[in-house]
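Chemist: Same order as they appear, the protein sequences are chains R and U.
The number in the working numbering is simply the position in the first sequence, starting from 1, with 862 added.
The number in the working numbering is simply the position in the second sequence, starting from 1, with 126 added.
Derived by calculation from the structure, the hints in this document are not laboratory data.
Treat the hints with caution; some may be incorrect.
Not close to chain R: a few residues of chain U, all C-beta gaps over 10 Å, as computed [to be verified]: (1) Asn-129; (2) Thr-219; (3) Leu-292; (4) Ala-294; (5) Thr-295.
Straight-line distance between alpha carbons at most 20 Å, and here's what the computed SDA-like set of lysine to any residue pairs gives [claimed, not checked]: (6) U:Lys-281 - U:Asp-261; (7) U:Lys-281 - R:His-930; (8) U:Lys-281 - R:Gln-927; (9) U:Lys-281 - U:Tyr-263; (10) U:Lys-281 - U:Leu-191; (11) U:Lys-281 - U:Leu-262; (12) U:Lys-281 - R:Asp-984; (13) U:Lys-281 - R:Leu-1008; (14) U:Lys-281 - R:Glu-878; (15) U:Lys-281 - U:Ser-258; (16) U:Lys-281 - U:Glu-301; (17) U:Lys-281 - R:Met-967; (18) U:Lys-281 - R:Gln-902; (19) U:Lys-281 - U:Ala-214.
Owing to the predicted nature of the structure, the values given are computational and were not obtained by experimental measurement.
Using N, Cα and C, we set each Cβ at its ideal position, and we do this for glycine too.
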Amino acid sequence: MKGRDIPASPARLELENVSASYNGRPALSGVTFQAPHGSQVAIVGPNGAGKSTLFKVLVGLLPLQSGHILIHGQPLGQHKDCVAYVPQREEVDWRFPVTVADVVMMGRYNRQGWFGRPSAADRAAVRRCLEQLAIADLADRSIGELSGGQQQRVFLARALTQEPHILLLDEPFTGVDATTQEATLDLLDALRQQGVTTLVSTHDLSLAARRFEYVLLLNREMVAFGPPAEALSARAIQTAFGGRVLFVDGVAVVDDCCR
Amino acid sequence: MINWLLEPLAYGFLQRGLLAAVIVGVVCAVIGSYVVLRGMAFLGDALAHAILPGVALAYLLGANLTVGAFIAAIIVALLIGLFSRQGAVREDTAIGILFAAALSLGIAMISSVRTFAVDLSHILFGNVLGVSSADLYLAGGLGALVLLAVAVFYKPLLVISFDPVLAATLRWPAELFRHLLLVLLALTIVVSLQTVGVGLVAAMLVTPAATANLLTRRLPSMMAVAALIGALSAVIGLYLSYYLNIASGAAVVLVCTGCFLLAMLVAPGRGWLWQLRPRRT
């Protein structure tokens, strides 16, 4: 695949002292980390910790207030690598009149430009990604007719057709069925093989510890970054989650459902 | 029956009115699809009323009314953007303020000049039977321009409407296309002015598109069905207006509304009758 042979160094994604605000209020400050080529990073923190804000900054939807973001050594906005983003399901207008195939084809718009028509290669990529996520039989359905898990797989398939170098998944494990959760985890394994740098926000601390090489712990500022064993120390979790965490026999239990 | 259909066409002004109404029906329905999907109905109504001071000023200066209307619509669209930027005022509040202000300004200007009296009702409710050949060419030209822009910029307009975040990751200029859509909306409203008037443009924008949305599952077919409903309503409305001797703009809008109610009733999957049908378990 084109562009896959870029050297692994410098780090694929570097953030240095990144701060951003949302609706005029500071939402995130002091985020500094380096995600190497092809690594998988779990972004963990309570509601309102700035996980989505960080993603919005990374896709260029929110301006940087201070700090730097380098994507493969190039500043954000001038980077040539493709960044794909899978939004939380609540952010999508599911009543919009588009079919599953329409949405997945949007992943190829980058190649087609504003006016281009889909090529045979575009159609083949769409078909392949629909099959990879086991939703090929839903191609002609309206997105509004699907179950939550199927809807999420549509957006995962779209992200795949973008053939991204960096993939951002916003809460992909929240409120989906077991099949979709499994499909998402399988996809993460496949992406690791392909050397795609992946950032995943999640509430699930144990999943973050089990399945990811790095964990970024946030609570409006960076609390910790590193391999799970380091980043998810009892003290760091206490700092990030405050009173909503309980330690039972050395296991952290986080109450983050009711606010 | 044939005579019944042909009789009105013997008059040149009715032929022109019919053509103008069909153009307006089609163009409004296509742009209206975006108005419905993006929730811009209130903005469309506001822009329609906002052209009143522009028309009045152009009349006082002896300038072209269409140009005056277009400039006023663009100014109000930009002011709404300015007021609501960075969340100082909610967008619908900004629209509400500017819409009433522009309408009042227009009425104030018109009421100061006695000879306006007749023209005012034409601006508010349209005068489809007064369409001149020049008006028709202008409406046809501007309408074709709007339809061409919608076709050429189909992908960017789809992306900014369905998924603005994707527009950001693609690094497409979402702001630019949002403003393009506003300009197209303003042009459409100006084209519609003579046929249905300020008061009823919003209905032509929203009703056929909302009807089509109930009946279709993809944006291109939604636009096509909306255009068909818009054109049919224009024709049927004008015949009703001729034979029942009622205001033409109102007749067209009422036919549109009839189509919408019918779709609400029978739309497969979404209509009331469909939901009432006994479910097999």
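Chemist: Now look at each hint and say whether the structure bears it out.
Modeler: Here is what the structure says about each hint:
1. Against the 10 Å criterion, U:Asn-129 stays outside the reach of chain R, whose nearest CB is about 42 Å from its own CB.
2. Interface exclusion of U:Thr-219 from chain R stands, the closest Cβ pair being 16 Å apart, more than 10 Å.
3. For U:Leu-292, the requirement that its beta carbon stay farther than 10 Å from each beta carbon of chain R is not met, with the minimum near 6 Å.
4. At roughly 5 Å from the closest C-beta of chain R, the C-beta of U:Ala-294 falls inside 10 Å, breaking its exclusion from the interface.
5. Remark: the non-interface label on U:Thr-295 conflicts with the geometry, its nearest Cβ contact in chain R lying 5 Å away (cut-off 10 Å).
6. Among the hinted pairs, U:Lys-281 with U:Asp-261 is inconsistent with the structure: their alpha-carbon atoms are about 32 Å apart, more than 20 Å.
7. Between the alpha carbons of U:Lys-281 and R:His-930 the distance comes to roughly 32 Å, so the proposed pair goes past 20 Å and is violated.
8. Proximity of U:Lys-281 to R:Gln-927 is assessed by CA-CA distance (about 31 Å); at most 20 Å being required, the pair is judged violated.
9. A threshold of 20 Å between alpha carbons decides the hint, and for U:Lys-281 with U:Tyr-263 the separation of about 29 Å lies outside it, so the pair is violated.
10. Between U:Lys-281 and U:Leu-191 the CA atoms are separated by roughly 33 Å; this puts the pair beyond 20 Å, and the hint is violated.
11. Our distance criterion of 20 Å between C-alpha atoms is broken by U:Lys-281 and U:Leu-262, whose separation comes to about 30 Å.
12. Proposed proximity of U:Lys-281 and R:Asp-984 is supported: the alpha carbons are some 15 Å apart, at most 20 Å.
13. The straight-line distance between the Cα atoms of U:Lys-281 and R:Leu-1008 is roughly 23 Å, outside the 20 Å bound, and the hint therefore fails.
14. For the suggested pair U:Lys-281 and R:Glu-878, the alpha carbons sit about 35 Å apart, so the restraint of at most 20 Å is broken.
15. Between U:Lys-281 and U:Ser-258 the alpha-carbon distance is near 36 Å, which puts this suggested pair outside the 20 Å criterion.
16. Only pairs whose Cα atoms come within 20 Å are accepted, and U:Lys-281 paired with U:Glu-301 is accepted, the gap being roughly 15 Å.
17. Between the alpha carbons of U:Lys-281 and R:Met-967 the distance comes to roughly 11 Å, so the proposed pair stays at or under 20 Å and holds.
18. Taking the CA atoms of U:Lys-281 and R:Gln-902, the gap is about 32 Å. The hint is violated against a cut of 20 Å.
19. A hinted pair counts as satisfied when its Cα atoms are at most 20 Å apart, and U:Lys-281 with U:Ala-214 does not qualify at roughly 31 Å.
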